[in-house]
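If you read the sequence shown in the UniProt record's numbering, its first letter stands for residue 1, the second for the next number, and so on.
No lab work stands behind these hints: they were computed from the structure. Hints may be right or wrong, so weigh each one.
Stated by the list, open to error - List of simulated lysine to aspartate or glutamate pairs, DMTMM-like, C-alpha gap at most 25 angstroms: (1) 15 with 101; (2) 109 with 37; (3) 22 with 52; (4) 22 with 45; (5) 130 with 48; (6) 130 with 43; (7) 105 with 117; (8) 72 with 37; (9) 105 with 48; (10) 17 with 3; (11) 130 with 101; (12) 130 with 84; (13) 15 with 3; (14) 105 with 122; (15) 72 with 85; (16) 113 with 48; (17) 22 with 43; (18) 7 with 101; (19) 109 with 122; (20) 17 with 101; (21) 22 with 101; (22) 7 with 45; (23) 105 with 52; (24) 72 with 43; (25) 130 with 85; (26) 109 with 120.
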Amino acid sequence: MPESIIKGYYENLRKGKLIGNKCKCGGYTFPPTAACEHCGNSETEAIELSGEGALLFVSHSMAPPPNPRFNKIAPYAYGHVCLEEGIYVQAIINGIDIEPESLMKYYEKCPVKVRADIIEAEGLPVLAFKIV
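Required output: the full structure, derived from the provided sequences and hints.
Put into structure tokens, the structure is as follows:
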């Protein structure tokens, strides 16, 4: 993948923008890539996504974070979010107590409206969401 795509992704996240790709086939890809994940076309258009969506599932892990840069924000909840554009994203969910009883309440309420909430870990912006 071209370095400019990766660099642009992080620069836009730092500004609070979610940039994805839209293809002529109608498919959206996020995070942006060099080609459409639906049809493989390399002629895609960069677009700003809404950052709004629905939390479909929420959980947490007792295991250590998958990357050491997340150690300072652990423990945290994570979930599956469907953005308004129809893109599915797995991300950290801010502001949720990770105790089983609390998670169960959200799990029973899903889908729940969420909004992108960019956080920082070890100097890099990280996509997270918060309950609206």
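inquiry  = Run through the hints listed earlier and report the numbers of any the structure violates, in increasing order.
reply    = 1, 2, 6, 8, 9, 14, 15, 18, 19, 20, 21, 24, 26
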